[in-house]
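Colleague: Protein chains in written order, with this note's numbering: chain A, 1 to 324; chain B, 325 to 648; chain C, 649 to 969; chain D, 970 to 1290.
Please note that a few of the clues may not be correct.
[Claimed, not checked] Straight-line C-alpha distance at most 35 Å; calculated DSBU-like pairs for lysine-lysine:
1) B:K363 <-> C:K754
2) C:K754 <-> C:K672
3) C:K754 <-> A:K13
4) D:K993 <-> A:K39
5) A:K39 <-> D:K1223
6) D:K1002 <-> D:K1230
7) D:K1241 <-> D:K1197
8) B:K337 <-> C:K902
9) A:K39 <-> D:K1231
10) D:K1002 <-> A:K218
11) A:K39 <-> A:K13
12) C:K909 <-> B:K363
I should point out that these hints are in silico values taken from the structure, not numbers from a laboratory.
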Amino acid sequence: MTFREAIREAMRKAMQADQRVFLMGEDVGRYGGCFAVSKGLLAEFGPERIRDTPLSESTFVGAGIGAALGGMRPIVEIMTSNFSLLALDQIMNNAATLLHMSGGQFNVPVVIRMATGGGRQLAAQHSHSLEGWYGHIPGIKVLAPATVDDAHGMLLAALQDPDPVLIFENALLYNMEGELGADAGQVNIDRAVIRRPGRDVTIVSYAAGLWKCLDAAKQLAERGVEAEVIDLRSLRPLDDATLMESVTRTHRALVVDEGWRSGGISAEVSARIMEQAFYELDGPVARLCGAEVPMPYSAHMERASLPQVEDIVAAVEGMRVRHG
Amino acid sequence: MTFREAIREAMRKAMQADQRVFLMGEDVGRYGGCFAVSKGLLAEFGPERIRDTPLSESTFVGAGIGAALGGMRPIVEIMTSNFSLLALDQIMNNAATLLHMSGGQFNVPVVIRMATGGGRQLAAQHSHSLEGWYGHIPGIKVLAPATVDDAHGMLLAALQDPDPVLIFENALLYNMEGELGADAGQVNIDRAVIRRPGRDVTIVSYAAGLWKCLDAAKQLAERGVEAEVIDLRSLRPLDDATLMESVTRTHRALVVDEGWRSGGISAEVSARIMEQAFYELDGPVARLCGAEVPMPYSAHMERASLPQVEDIVAAVEGMRVRHG
Amino acid sequence: MSDARAHQLQLLREMILIRRFEEKCAELYSQTKIRGFMHLYIGEEAVGVGVMQALRPEDAVVSTYREHGHALARGMSGGSIMAEMFGKVEGCSRGRGGSMHLFDAKTRFYGGNAIVGGGLPIAIGLALADKMRGESRVTCCIFGDGAMAEGEFHESMNLAALWKLPVLFVCENNRYAMGTRLDYSHSVTDLTRKAASYDIAAASVDGMDVLAVEAAAQAACEHVRSGKGAYFLECQTYRFRAHSMYDPELYREKAEVEEWKKRDPIPALMQKIEGLTEEKIAEIETQVAEEVEAAIAFAEAGTLEPVGELTRFVYSDRRPA
Amino acid sequence: MSDARAHQLQLLREMILIRRFEEKCAELYSQTKIRGFMHLYIGEEAVGVGVMQALRPEDAVVSTYREHGHALARGMSGGSIMAEMFGKVEGCSRGRGGSMHLFDAKTRFYGGNAIVGGGLPIAIGLALADKMRGESRVTCCIFGDGAMAEGEFHESMNLAALWKLPVLFVCENNRYAMGTRLDYSHSVTDLTRKAASYDIAAASVDGMDVLAVEAAAQAACEHVRSGKGAYFLECQTYRFRAHSMYDPELYREKAEVEEWKKRDPIPALMQKIEGLTEEKIAEIETQVAEEVEAAIAFAEAGTLEPVGELTRFVYSDRRPA
Ligand SMILES: Cc1ncc(C[n+]2csc(CCOP(=O)(O)OP(=O)(O)O)c2C)c(N)n1
Ligand SMILES: Cc1ncc(C[n+]2csc(CCOP(=O)(O)OP(=O)(O)O)c2C)c(N)n1
Ligand SMILES: [Mg+2]
Ligand SMILES: [Mg+2]
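Next up, chain A with everything else stripped away, as it sits in the complex (with noise of 0.2 Å):
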């Protein structure tokens, strides 16, 4: 099954299993998903529950937050994550606030779903990673999944939370084969897990990075080095105690994003560090993002915007991590 095929599955179970949930974006029905994500489920649901918008992000998202509050749990895709900017002002002023600033009384159980990520030559409109910066907003949680598990599960997790939850797909997974569980459910969105344990260094990463980074860790094994991969999963709340850990055995940390550097999710990751394990570093946590550039087209220029499995061998080398 394809990451893609798990979160058709999940919307699917959820659908069945709830009346309540409904899906609600651009040419999620009739076009059958700009990712083909939502493909079949037009038929299977019909127009009203598999519901095509007009453009119009900030209102369909608003509108997706009124449904939510009125009793619904709707499911809200957003084509791209640059899209989702146009529609800022209703996920930052009106899903995060409304619980809090009406004192508890209206909570806002939406999803919010979308690509985002580099790596297919979309250029600077279409190519950011901007789920590490969502994550700077109280009031909304942000996934974002590597595995087809956590495609699946997350999405129905989400679905059971009482609070908009947004869930950020690079795009770059919807074709990854993985094995889903005949009996799989929805899973913990609260922690990080290490997907590949290691004594030498920690290496944090999540979604398309960190199938990058575990590349990385294979071939710093054949040179005698041993990486501990983190995937963080939630950008927001993140799972510190996963986090310190790792970072109090193996004294070393990278942070992998292929998001911008500057004020990314790689700078709260290392501040944190920092922060609650300064004693246990026996160097300076580093980072490698993506380059703070538009995204370019070229293919070269695109690769050299990103980093690359190269890139994390050279940069836990340069760390001088200790050998075995």
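Use these hints to put chains B, C and D with the ligands onto chain A, whose structure you have.
Modeller: The following block gives chains B, C and D with the ligands in isolation, referenced to the frame of chain A:
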């Protein structure tokens, strides 16, 4: 002269000197500016150059970008940083990308000013300090004046800049009095400034927070701790050199930011010190930030949401800075 | 006393309540009991009072930052509103919202929204929820003339029409958006023409005449409840006071304000109520004054939310079963 | 040969150039020479070619991601466009933009904008700059039927009308926004009614008839240049190909596409040109084929931008004097 008047004076000078400069925004003209910054300018320059716009943040910001492309030097005023979210698509997807994605053909010399910050009991849709968060975006510059001199000189400098510059004016500062030399002109916007020298600990802040830090530094001095206080001034780009030079002397740093902590500018400053001055540190860089909540209305809760002088003093003392 | 006359007296009472409540608010603002931004409704009472008559308890209201009048007319207690503005935990939003952010689940009052235009999509969603579940409830969305220039107005009208949603759009056209006069905000100042461009049924009504507003709102709600889709009601009104407590009112002539004050909705209604005596008016004023005083007393007696609760409700206390 | 006929032949040549150029693009896409998102204009050539006739060199164009045709008709070289899509530094955007982001300062072609609706405010600003400086230039802003649902359309139309800005709004109504048919996007599908709600002069024209588009655009530009303010021109057209290279076209019937293909603007114009011979057509095709081949050769021969320049132009190389 107040901070407010200094900004007005800079706008006046710029409009007198350069026919291309004009001001556009909601209620900048007939109303006199929501914070009275532009009061009187309509009478002096007329409605062509002091343009009241309809409520339509996305379009009047985009129009500023377009007018800049068309050879003008627009100053666009957004009433409050929370409202700027409505224009974020134009800022990130257009202003910040056009020069790069056009291969250097089209630069965007627009200046976008907005009020920001809490402390006035304006609650969850009018109070956030989003300036640090904007520092994530490559292609724009982000300024945060703390002094009358900077309020004036940064605006003049921004108008000379070929690229989009956002200026965040903490509304608590508008009534602050200060001196402005008769020959005051544009100021350097590339450098952070040491507002108070000290040898024991570096406190990093900007805008309204700076003044709290200076107050705290006075109290700390009475207790024998000499704090160096740095005013970042520019949140993008950050002036690493000034920061590292200071930390290399003091070996301790505290970042004070009224914005939210996670993924804010405080995280970036901490991460950079980690990367560039780790071996100079005697202890972890600490952060004191706005509470991660939608800003509450009631005075005592709002106060509790923002770093206060006593919190800064306590934070420095908690760092066990060695005295003398 | 006829039912009709009793009802008129009730409308009068509600308008006077809003008026006196807000006059006190202005005083309390000067005394710094109330802080932040505060926007008075004085002069516009007929709109809120008239519109709310047409709503049923199960309907929803999405309002703006100029919402004291809407909240009172919707049946929220003056005490909970005043306590809110005093920043007390007994306030309708636990003191977290203040004047601009009144909320009340009981009366389905979804704010108190201070991003101009930001409430429109929320209303669309509430109405969508009702429509999907086959509820015949109305979502009443109130906004100003200025808000209609925002993109979200366009998007929301289109969606409401496209999906035939049960929304009552109420535009309080008070001729200014802060200091920006209608004709500086809109190229077309007949606002019902905008509704027409989405094929949304529309009417314009004298917003200084509470009976006219009520009748128009009743007709509008009937349209919405009967499944014909959204309705746009423009109420032509005027604010007698400044935009907020900080506004020096440079943008309009005193004479214009005075002209409109002649159409004050409260005396206008008084003249229409048959045999209304000075005594009756005095009785109402006394009752209202007591109610306002009680609200203030409630607010004064209120307590502060413990600081330790600052981060409570950033997220829900618990996930539901 | 009459001037009129020569002009018609020129229009034909331009449309054929776009058609053949894009047919090649599709091939080159299959060969992975071109990557990313690519949106073909095939079927809609009469709109871009017709509209561009009415523009002068000093005018500005703000376009969308479906802009190859606009760029070619505006006079940008096929080579610089093809090189751009090949990701070469000789491309009109140094290979940084690709198909969706063609830019050209010389012809005042301001993109190649891939946020639907995002170009409208930019056009407003360009026109404002002209107006403030007393230039009598036109800013031509092109967008689709889908874009008109975005809030920025509403805000931009209002501002253009309010400030009487010299903007020519060109809506390419090809009846679909990706897979969303016009009547699922808009409650009112007569798009000129939207323009009317801002008091912007408007016309709708057969977008499959290049001569009609040209005439309408000329009239529109005259209106704009004479200081009467903005103009809205709807061009009714159809895209013969998929929305982009990824679109399985589940949302429309083949028969509908075939029906529209009967109105293909190229044969339609051919039939109108007096005494047009097969030889003449073959001659044009040959010239065009050569031009397209030359463009491809130019692109193939192009070089890659040095990786070291990645961060160049995030900010300007230097501050101006
Ligand atoms: C998005 C946004 N922009 C600007 C403001 C500042 N502001 C508050 S009220 C207002 C005027 C709104 O006018 P209108 O919609 O006519 O309502 P009125 O205040 O007249 O009732 C403005 C500009 C805001 N709150 N939100
Ligand atoms: C803000 C935004 N939302 C969604 C998209 C994805 N998208 C690209 S083109 C398109 C359809 C636009 O339709 P229309 O305006 O009619 O232009 P057409 O493609 O038909 O020429 C969509 C939804 C986008 N690029 N930008
Ligand atoms: Mg108004
Ligand atoms: Mg279209």
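Colleague: Take the hints in turn and mark each one as holding or not.
Modeller: Against the structure, the hints:
no. : hint                : result
1   : B:K363 <-> C:K754   : violated, 44 Å
2   : C:K754 <-> C:K672   : holds, 25 Å
3   : C:K754 <-> A:K13    : holds, 33 Å
4   : D:K993 <-> A:K39    : holds, 30 Å
5   : A:K39 <-> D:K1223   : holds, 20 Å
6   : D:K1002 <-> D:K1230 : holds, 28 Å
7   : D:K1241 <-> D:K1197 : holds, 33 Å
8   : B:K337 <-> C:K902   : holds, 33 Å
9   : A:K39 <-> D:K1231   : holds, 31 Å
10  : D:K1002 <-> A:K218  : holds, 33 Å
11  : A:K39 <-> A:K13     : holds, 15 Å
12  : C:K909 <-> B:K363   : holds, 28 Å
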